[in-house]
Structures are given as C-alpha cells and as structure tokens.
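Each protein sequence line maps, in turn, to chains A and B. Counting from 1, one number per residue, gives the positions in the first sequence under our numbering. Counting from 1, one number per residue, gives the positions in the second sequence under our numbering.
In short, the hints are calculated from the structure, not lab data. Hints may be right or wrong, so weigh each one.
[Unchecked claim] Coverage of chain B stretches by chain A, computed from C-beta distances (three or more under 8 Å per stretch; other residues unrestricted): (1) 119-129; (2) 186-194; (3) 255-266.
[As the list claims (entries may be wrong)] Going by beta-carbon spacing under 10 Å, a handful of chain B positions derived as facing chain A: (4) 41; (5) 44; (6) 47; (7) 55; (8) 56; (9) 105; (10) 106; (11) 107; (12) 111; (13) 137; (14) 139; (15) 229.
C-beta: ideal position from N, C-alpha, C; glycine also.
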Amino acid sequence: MEKMLRNKKALLVFMLPAFLLFTLVLFIPIIQSVYYSLCDYKGMTKPVFIGFDNYKNLLHDKTFGIALKNSMFFLVFSCVSQLLVGLIYAAILTNIKKGRNLFKNIIYLPCVLSSAALGLLWLFIFGPKLGINQLLMKWGVENPPLWLMSTKGTIPLPMWMIAFVSLWQFVGQSMMLYMAQISGISKSLMEASYIDGCTKPMTFRYITLPLIKPMVATAMSLNAIGSLKFFDLIWNMTTGGPNHKTEVLATHLYQQFKYFKYGYASAIGVVLLILCLLVTLFINKVVKTEQYEM
Amino acid sequence: MSYSKVYKAESDLTSKKKISGIQIALYVFLILICLTYILPLLWVLNVSFKTNKEIFTAPFALPEKISFENYSIAWTAGKLGISTLNSFIICIVTLVLSSLIGSMAAFAIARLRWKGAKLAMTYFLTGMMIPVHCVLIPLFTRFSKLGLSNSLLGLILPYLTCSLPITIFIMTGFFKGLPNELIECACMEGANIFQIFFKICLPLSKTGLFVTGLMTFVGNWNELLMAMVFISDDAKKTLPVALSKFVGPHATNYSQMFAAIVIALIPTIVVYCAFSNKIVDGLTAGAVKG
Numbered sequence: 001m002e003k004m005l006r007n008k009k010a011l012l013v014f015m016l017p018a019f020l021l022f023t024l025v026l027f028i029p030i031i032q033s034v035y036y037s038l039c040d041y042k043g044m045t046k047p048v049f050i051g052f053d054n055y056k057n058l059l060h061d062k063t064f065g066i067a068l069k070n071s072m073f074f075l076v077f078s079c080v081s082q083l084l085v086g087l088i089y090a091a092i093l094t095n096i097k098k099g100r101n102l103f104k105n106i107i108y109l110p111c112v113l114s115s116a117a118l119g120l121l122w123l124f125i126f127g128p129k130l131g132i133n134q135l136l137m138k139w140g141v142e143n144p145p146l147w148l149m150s151t152k153g154t155i156p157l158p159m160w161m162i163a164f165v166s167l168w169q170f171v172g173q174s175m176m177l178y179m180a181q182i183s184g185i186s187k188s189l190m191e192a193s194y195i196d197g198c199t200k201p202m203t204f205r206y207i208t209l210p211l212i213k214p215m216v217a218t219a220m221s222l223n224a225i226g227s228l229k230f231f232d233l234i235w236n237m238t239t240g241g242p243n244h245k246t247e248v249l250a251t252h253l254y255q256q257f258k259y260f261k262y263g264y265a266s267a268i269g270v271v272l273l274i275l276c277l278l279v280t281l282f283i284n285k286v287v288k289t290e291q292y293e294m
Numbered sequence: 001m002s003y004s005k006v007y008k009a010e011s012d013l014t015s016k017k018k019i020s021g022i023q024i025a026l027y028v029f030l031i032l033i034c035l036t037y038i039l040p041l042l043w044v045l046n047v048s049f050k051t052n053k054e055i056f057t058a059p060f061a062l063p064e065k066i067s068f069e070n071y072s073i074a075w076t077a078g079k080l081g082i083s084t085l086n087s088f089i090i091c092i093v094t095l096v097l098s099s100l101i102g103s104m105a106a107f108a109i110a111r112l113r114w115k116g117a118k119l120a121m122t123y124f125l126t127g128m129m130i131p132v133h134c135v136l137i138p139l140f141t142r143f144s145k146l147g148l149s150n151s152l153l154g155l156i157l158p159y160l161t162c163s164l165p166i167t168i169f170i171m172t173g174f175f176k177g178l179p180n181e182l183i184e185c186a187c188m189e190g191a192n193i194f195q196i197f198f199k200i201c202l203p204l205s206k207t208g209l210f211v212t213g214l215m216t217f218v219g220n221w222n223e224l225l226m227a228m229v230f231i232s233d234d235a236k237k238t239l240p241v242a243l244s245k246f247v248g249p250h251a252t253n254y255s256q257m258f259a260a261i262v263i264a265l266i267p268t269i270v271v272y273c274a275f276s277n278k279i280v281d282g283l284t285a286g287a288v289k290g
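Only chain A is shown next, with the shape it has when bound in the complex (with noise of 0.2 Å):
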C-alpha cells in the first residue's frame, strides 16, 4: 500500500489536470498582468515597456480616486455591517423555538440568486418614477428623493443604497457561517455560564463570541475579498454613475478595458490584487486568536 501511494505516476494523473489549468489560466496570466500594468498597451499595437508610468498616472485620476474611495468604503461598510448584522441574526435564530429553518432560508435565498438581476430588480425598485417612490407619492410625498442619482456628499446617496442592498443580498451567508459555529458549542458549556449565574446577554458575550471568534476571521476576509470584487451589482445598478461617483476598482477597471486601455486597466487590477492580498493577512493576523478546544 505504502508503495502505492507513493506510485509518481498515479500523482501525475491526478495532480497534472488542475495544476496545468490553474498555472495557465491563472497564474501565467498574472504575471502578464504585472508586465502589462508597466507597459503602454492600447489594444492593437504590441504592449511597449514605460516603467511606472500608468500607475503614475493613476495618482492624478481622479475617477480612479473616487473608485478608490469608494472600494474602501465599501470594504469596510461590508466588513462591520455583515459582522454585526450577521451575529444579531444568527444569535436571534439561535435563540427561537418554531420555525428557524423556515426563516434561516429565506434570508439565505438571494445568496444564490443572479447579482446581476437582483441587481436591476433594485434598480426599478429605486427608480425615479417607479417602486418606492410611487409609494411615498401616493403617501403625499411631493419630492421624494432621487435613490439612485443624487450626486452630494463625499460618500453619495447610490452608494449607501448599493452597500445596503449588497448587506440585503449576502447577510445570509455569514450568518450561515455563524449560526453553524454557535451551533457546534456544546450545551454542557452553556449550562455551566447558566449555574454561574450569567444572564443569556452575558453569555452571549463571554461564552459564544469568544469562541465564534476563528469564524469572524473567515467570514470577514470572504467578506473583504468579495466587496473589492464587488462588480455585478454596481453595474446594474447605476453602471458607476452619476458622473462616475459610485465607480469602484472592478468597474473602472472594465470601463478602461471598454476603452482598449489595457495596460492602464492592468495597473487596476494590480492594485486591487495587492489589496486583496493585504486585507486578507490583515485579517488574519488581527482577528484569528487562539483556537479554544470544544
């Protein structure tokens, strides 16, 4: 058997298929990708080697500031606002007798419905003339406000609606996560806080968070990773307008490839490569503490 499992052919059959894949259509590209963001490249001509130029470049747009900001914005809106909205449900569905199945799948639905249609769904919904604004005008509202085009304040309107329908869409998958960890916390540990005299908040608190803590770091860095890949439903939404103000990293970056711009979308891509890479480490060095036996 030991001489079996070593066999080097066998490890070649089964490893060969996906590392090729993966080494080709992922990582090979990769490092084009890097070469490409340090090149002048414009679609038709062959990409010519300029140094630092495009990231250069980057620094005095202002529509890549604004992507920028808003990536970040939303990063961090989707990071807090998962993690606390996911907890207050996954600990509510915890904590009720009667139906928690029932409700536990309709909030994880739109977690595997198309982004891209709920996505136009909210675009209808927050439209000017149609869904919520027809109620507050049959409510006596005079002007109700424009959703999903309002272009004030440093952090506009449409991409507060975007982040809140995005926490809408995706709640449900860290509470899965969760209630799943809360769930595997053995009741004799419970019952013992109950003797001690905890109250359920205090257990809550000293009992169950600190030992769904590894399952936050997971959680927040699928998360993260997902809000700086974040494209589907921006792009139905308002296609990062008005006049640019709700771009992020992904749709710039699509935008400029739209514009055969592709050694100046590469430098996009790198960037939020290299973010995607830090926040995750970030994470995890912050967040994982001790892992506590149960």
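Start from chain A and add chain B according to the hints.
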C-alpha cells in the same frame, strides 16, 4: 435533580411571561426582516404581468388579467431563450469537469504520500484570494489569438479554473476524513489506486461533491464580468449578460423587462425551494469543514 434542572425549573417559574414577551418581539422582528426579502420579489412578479400603462396608473393593485405576453416577448426579443441554453451548457460542463479534476487533485493532496502536498494546497488556496479582474486582460488577448473568444469553451476554461480552489479545498477535507483502514482493505483486495479513487473514495464523499457542485453551479450561473468580457456575440451570451443588455434604465418597455428579471430569477428560486434544507445544510457542512 441536577443543577441545570433546578435552574430551569426556577427560571420557568420566575420569568415565563418575560421570556415569552421577548420571544414575540423576536418573531415580529424576524417576520419584518423576511418581508424585506419576499416583498421585492413579489412586487416584481406582480408588475411583470401588467401592461405598461397599468404600472403607472395602478402600481400596487393586482394585474387586471394574467397574460404571459410579456414573458414570450422577453423570451424571444430579449434572446433570453438562447442565452438560458448557453448558460446551461456552460454550467453543466464546468460542473462535471471541475468536480472530476478538483476531486482528483484533492485526492492527491489528501491521500497520496508526497512531499509537495502542503505546498500544492497553498498554491491552490491562493487562487481564492486572487480577484479574476486582474487576469481578464491577458486572458482576453490570449484567447482572441487562439480563437477562443466568443466561444463557449473560452468561457468554460476560466470558469473551471476559478471553481477549482473551492472544490479542492472542500474535497480535501472530505477525503482526509475517510478512515485509513478502508483504503488498506481495498489495497489488500488488489484494487489499484484508480479503483480506490473512483469506486471507494469518490462515492463515499457524495455530500462533498453535492456541496461543491452546487457552489460551482450557482457561482457560474450568476457570473457577469467574465461573460461580458469574453463573449460579444449575441448568440453565445449567457443569461446574466443577455439580461443586463435587455433591461436597462433607458429602455421604456417596463413590463417586459420585469418579465425578463422574473425569467432570470425563477429557475434558481425553484431549485432552491426544492432542495433548500439540503442546500443550506450542505453549504454549512462545507463551510465548517473549511
């Protein structure tokens, strides 16, 4: 009587009323939350049966008569029919291939004895952190040179690659959980490594396959960005792309657009309702394993 029973009896006596009050508040809160999930979907369903005029004159009433005209127009004019078919082909092929290739690699990592196993796992896992956005452009230029742009294969390849990390991640967990004796036993009976994989390990990890298959399918079914970049031919578009093109703020035929949204949402909702418990449990199992 144990302490817990004493505690329970006491708390039942003293705070029965208070607790039930809190419970009611929790239920009200949960029902309100669930309404935010259900009402938008019901609204779009309701509007999709209306005429354009009705949407503005009687926005919240039920439609006057149920007709499927909006749907048939969206299906044909919006080219949703052909794009649904494309989505199906792409997702099924990706699902089958990624399950096979992914679990083969996972088996090699979890079960075969070689030095690079840990390194290989790290290599695949970094794939989860990498945003696809930064490989779009090199892939696009390469694919157009190879004649793969505007073909379904050109979309299957990147989808397959992006599905591999999660498949390998979850399946490795499942293969590691299988008892060693099982493989020893099969080995003694004279099975070779491929028989062990296909006849023993793979069938025993059905739950894992179901979970990863589901995640792969849902993820690829909903994917928008790569599909927009790699496919520009109308006949090859996938469902999310065709939908985004057909429905937009500047078009005016609202009722058909709503019908299109419903068409895009319905299949997933039906599948979800049919298997919801299994899906939710499976996903949790997968998440906890990881």
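**Violations among the numbered hints** = Hint check: nothing fails, all pass.
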